[in-house]
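Visitor: What follows is the residue order along each chain.
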Amino acid sequence: MDKRVASLADAVSTIEDGMTVMIGGFGGAGAPIELIHALIDRYRATGHPGGLTVINNNAGNGHVGLAALIEAGMVRKLVCSFPRSADPVVFTELYLGGKIELELVPQGTLAERIRAGGAGIPAFYTPTSFGTDLAKGKPVAEFDGRSYVQERWLKADVALVKAETADTHGNLTFRAAARNFNPLMCMAAAETVVQARRVVEAGAIDPETVVTPGIFVQKVLEVPDPAQEEDLNLAHARYPLGG
Amino acid sequence: MDKRVASLADAVSTIEDGMTVMIGGFGGAGAPIELIHALIDRYRATGHPGGLTVINNNAGNGHVGLAALIEAGMVRKLVCSFPRSADPVVFTELYLGGKIELELVPQGTLAERIRAGGAGIPAFYTPTSFGTDLAKGKPVAEFDGRSYVQERWLKADVALVKAETADTHGNLTFRAAARNFNPLMCMAAAETVVQARRVVEAGAIDPETVVTPGIFVQKVLEVPDPAQEEDLNLAHARYPLGG
Amino acid sequence: MSARLSSNQIAWRAAQDIADGAYVNLGIGLPEKVAQYQPPGREAIFHTENGILNFGEPPPKGEEDWDLINAGKRAVTLKPGAAFFHHADSFAMVRGGHLDVAILGAYEVAENGDLANWSTGPKGVPAVGGAMDLVHGAKRVAVITDHVTKDGKPKLLKRCTLPLTGVGCVTRIYTSLAVIDVAGGRFVLREKLASLSLDELQAQTGAPLAIEGGVADLVVPEL
Amino acid sequence: MSARLSSNQIAWRAAQDIADGAYVNLGIGLPEKVAQYQPPGREAIFHTENGILNFGEPPPKGEEDWDLINAGKRAVTLKPGAAFFHHADSFAMVRGGHLDVAILGAYEVAENGDLANWSTGPKGVPAVGGAMDLVHGAKRVAVITDHVTKDGKPKLLKRCTLPLTGVGCVTRIYTSLAVIDVAGGRFVLREKLASLSLDELQAQTGAPLAIEGGVADLVVPEL
Chain F
1 MDKRVASLAD
11 AVSTIEDGMT
21 VMIGGFGGAG
31 APIELIHALI
41 DRYRATGHPG
51 GLTVINNNAG
61 NGHVGLAALI
71 EAGMVRKLVC
81 SFPRSADPVV
91 FTELYLGGKI
101 ELELVPQGTL
111 AERIRAGGAG
121 IPAFYTPTSF
131 GTDLAKGKPV
141 AEFDGRSYVQ
151 ERWLKADVAL
161 VKAETADTHG
171 NLTFRAAARN
181 FNPLMCMAAA
191 ETVVQARRVV
201 EAGAIDPETV
211 VTPGIFVQKV
221 LEVPDPAQEE
231 DLNLAHARYP
241 LGG
Chain B
1 MDKRVASLAD
11 AVSTIEDGMT
21 VMIGGFGGAG
31 APIELIHALI
41 DRYRATGHPG
51 GLTVINNNAG
61 NGHVGLAALI
71 EAGMVRKLVC
81 SFPRSADPVV
91 FTELYLGGKI
101 ELELVPQGTL
111 AERIRAGGAG
121 IPAFYTPTSF
131 GTDLAKGKPV
141 AEFDGRSYVQ
151 ERWLKADVAL
161 VKAETADTHG
171 NLTFRAAARN
181 FNPLMCMAAA
191 ETVVQARRVV
201 EAGAIDPETV
211 VTPGIFVQKV
221 LEVPDPAQEE
231 DLNLAHARYP
241 LGG
Chain H
1 MSARLSSNQI
11 AWRAAQDIAD
21 GAYVNLGIGL
31 PEKVAQYQPP
41 GREAIFHTEN
51 GILNFGEPPP
61 KGEEDWDLIN
71 AGKRAVTLKP
81 GAAFFHHADS
91 FAMVRGGHLD
101 VAILGAYEVA
111 ENGDLANWST
121 GPKGVPAVGG
131 AMDLVHGAKR
141 VAVITDHVTK
151 DGKPKLLKRC
161 TLPLTGVGCV
171 TRIYTSLAVI
181 DVAGGRFVLR
191 EKLASLSLDE
201 LQAQTGAPLA
211 IEGGVADLVV
221 PEL
Chain Z
1 MSARLSSNQI
11 AWRAAQDIAD
21 GAYVNLGIGL
31 PEKVAQYQPP
41 GREAIFHTEN
51 GILNFGEPPP
61 KGEEDWDLIN
71 AGKRAVTLKP
81 GAAFFHHADS
91 FAMVRGGHLD
101 VAILGAYEVA
111 ENGDLANWST
121 GPKGVPAVGG
131 AMDLVHGAKR
141 VAVITDHVTK
151 DGKPKLLKRC
161 TLPLTGVGCV
171 TRIYTSLAVI
181 DVAGGRFVLR
191 EKLASLSLDE
201 LQAQTGAPLA
211 IEGGVADLVV
221 PEL
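Protein chains in written order, with the numbering used here: chain F, 1 to 243; chain B, 1 to 243; chain H, 1 to 223; chain Z, 1 to 223.
Watch out, some of these pointers could steer you wrong.
What the hints assert, rightly or not - Straight-line alpha carbon distances no greater than 20 Å define the calculated PhoX-like cross-link-like pairs of lysine-lysine that follow:
{"no.": "1", "chain 1": "H", "residue 1": "79", "chain 2": "B", "residue 2": "99"}
{"no.": "2", "chain 1": "F", "residue 1": "99", "chain 2": "F", "residue 2": "77"}
{"no.": "3", "chain 1": "H", "residue 1": "123", "chain 2": "B", "residue 2": "77"}
{"no.": "4", "chain 1": "Z", "residue 1": "123", "chain 2": "F", "residue 2": "136"}
{"no.": "5", "chain 1": "F", "residue 1": "99", "chain 2": "Z", "residue 2": "79"}
{"no.": "6", "chain 1": "Z", "residue 1": "79", "chain 2": "Z", "residue 2": "61"}
{"no.": "7", "chain 1": "H", "residue 1": "79", "chain 2": "H", "residue 2": "61"}
{"no.": "8", "chain 1": "B", "residue 1": "77", "chain 2": "B", "residue 2": "99"}
{"no.": "9", "chain 1": "H", "residue 1": "61", "chain 2": "B", "residue 2": "136"}
{"no.": "10", "chain 1": "Z", "residue 1": "123", "chain 2": "F", "residue 2": "77"}
Derived by calculation from the structure, the hints in this document are not laboratory data.
What you are looking at is a predicted structure, and each value in this text was computed from that prediction instead of being measured.
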């Protein structure tokens, strides 16, 4: 078993128009910048994929990564908890112009809905958002005298994920707080595509320290020196570089 | 912060009559034998705690550990998925004699109910058991054309857990398949009591390899050479030894 | 006694349908035998619901590690690329549709895909384990079983009579006599022992056997 | 301008109520200041919802690791005994009642415990983050805030006018003028600046201040 793919282009080759794509990361930590940029390259070369629904905690920062994906016009709808950042101008302008749809989800509910998608739980109840605008239209129920909101699972066609180490079976470890949504998204997508700083042979990761077991991963690519969104933004980078 | 307690007796001191106690382990792997035996000691010395509801995947094997707890007459009700084993005579006789109550739960539902208890999710939907006797009396609902059963969270007053390494903050690692229900039960109990083969200072466990963060743990005790249920049963052991 | 496959031969036949790279859960007992008949060149990854991916053969006697066991509580070993995880993650794999195949034993299977394999009725101590989760989780749920009970009664029925494990969940049945798909509420016969006539097979089956396309000979090696 | 506490002083006062060994989540912005005023001899463990327990001070400028950030996306460091975990486990800690205290900022707090701190209305881009989870998770949900808005309008009200973050969730409010509990649908005044009369405080508060037992002087150091 060897889940390695040959290139960034291969890694993102199955994403089609209108698909739902989960993208890991919390702000820049754990954001699979190179996979996102490869997807932008494909769109610039072929006009596809467009009309994407993207699930991420944020809405991008500056003009790289997720912000660049949105700026390229590839995203129809964003599902996130916090579409603000140091420099959210790309999303903000499209949103205020009515050109991108936003589904705002409390952060813990977002995480749990993704996990539920991965775990085969179509719906669950949470106290979060009860009595607020974000619960409007959702079923509510009382358990043991307290009120809860029913939330539905979230699934995706493809997840783009950043890991620290991957083995050829797709077992993953992450780095510090770059873990965040990545392990959950691995579970919730039909195809999980991973960029890892190191790809090692099966057996090179201690089974005790595997965070995401390989069953949740379909494609693995080594990206040895990944860009950090925060560094790119401090340097006022734009993607594509000539853009 | 130092969550260490001084003795096995201290570790199990807060369990009172009628409480719900989660006990980790899948069969013998991960079963906190010494904590269970300490609880039996207390019962033999004081007549308490009795009338317990115990949540475990199984119903004990032979005459040690959970089986001995049941044999001592301390358990009113058992919540489990598989009350069979190589030598289930203790539970079987009490059950067939109508002297112990059984709530039979599919294994994945049991795990998810415990996790839900720990995660503040009062209820969720699962396809498991739909249309079977184990779904009787439970609400059902349809999502996207498929039928699901509503299940409720499980919580406990105390969880008895076996870990491999604990630090003084209660961060835990486990050993191989002795992990099983232990991390979930840590989350779902008001007080989680851990016996660990090694207790180390805070900082001695790599933050990347912590399986159960210390926030889910209240008491830690080093039990350097824990008994393995399987070995005890191969030696036809009984607890108490004179019992 | 007429020709029928041994347990090992049924397991061998089931193993031939497991693709390279498949994630597989094998039920306790007879289904466990499937692991040893993986076709050369194919690598399946076995999942056990108590928290291991990619376990291997049992260790030599005396070298058991009782923290390294499968769902049947038998000692196993690890293969390179193994992972440990807790029960909620394990059943997320199951319930979330991440397993390619689950192969289970059966008391009864019905032509509507219903399976009964956990309870023989109200007497005794009931025990379900992970069976009810597995039947609603894996992409493909197969059964391996003798074609009839020890008393010679059909196990493949129009409707199950025993308490159900799952509703409409089974898609393929490997028996000691045949390979049968469950599709559109019918048993569709795919393979049968050459020595057995269709009528003889039907006589041992509790619901009609449909034929679509053709019926191949069920050929297995001596084992 | 009449006497009022600085942000640092409000944070200091809130920090005095955090017990040794408490697990604490501090909201982005003003609440983050609470961490630096832990009383000597007490050790609190700080949780950030993006997956760290027991993080510490920011690193020196230029030594940031942008994989080691808090919920406000600022670089942090680790203390001994830290742990990393994913977002579902992180919010299991929050929603499951495992945090002892969450301290949040507020636009408005009502005497029924309702909190509004995520949206100032329909214009602009809405963003909620983890606030709605935190208010229903921690054992104790406290607010730190100026007593009034920049325009001098009360932030403590009979009912919130802005979109709610949570219903009946706040139990204590630390303001620039007072410490107030929310109990039984009322604001109960516990401490106020000695230089301020009860009438002056009431005049800046949008709902009646009840008194139970007595009102202590709110005394904080120069900071």
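Visitor: Each hint: holds or not?
Guide: Structure-based check of each hint:
Restraint check for residue 79 (chain H) and residue 99 (chain B): not satisfied, since their Cα atoms lie roughly 44 Å apart, outside the 20 Å limit. The straight-line distance between the Cα atoms of residue 99 (chain F) and residue 77 (chain F) is roughly 9 Å, inside the 20 Å bound, and the hint therefore holds. Of the supplied pair hints, the one linking residue 123 (chain H) and residue 77 (chain B) holds, its CA atoms being roughly 19 Å apart against a limit of 20 Å. The straight-line distance between the Cα atoms of residue 123 (chain Z) and residue 136 (chain F) is roughly 18 Å, inside the 20 Å bound, and the hint therefore holds.
Of the pairs offered as hints, the one joining residue 99 (chain F) and residue 79 (chain Z) is violated, with about 44 Å between alpha carbons and a cut-off of 20 Å exceeded. Distance hint between residue 79 (chain Z) and residue 61 (chain Z) is fulfilled; the C-alpha atoms sit about 18 Å from each other, no more than 20 Å. A hinted pair counts as satisfied when its Cα atoms are at most 20 Å apart, and residue 79 (chain H) with residue 61 (chain H) qualifies at roughly 18 Å. Note on residue 77 (chain B) and residue 99 (chain B): the hinted pairing holds, with a Cα-Cα distance of about 9 Å set against a maximum of 20 Å.
Only pairs whose Cα atoms come within 20 Å are accepted, and residue 61 (chain H) paired with residue 136 (chain B) is rejected, the gap being roughly 44 Å. Restraint check for residue 123 (chain Z) and residue 77 (chain F): the C-alpha separation of about 19 Å stays at or below 20 Å, so the hint holds.
Comparing the model with each numbered hint stated earlier shows that hints 1, 5, 9 do not hold.
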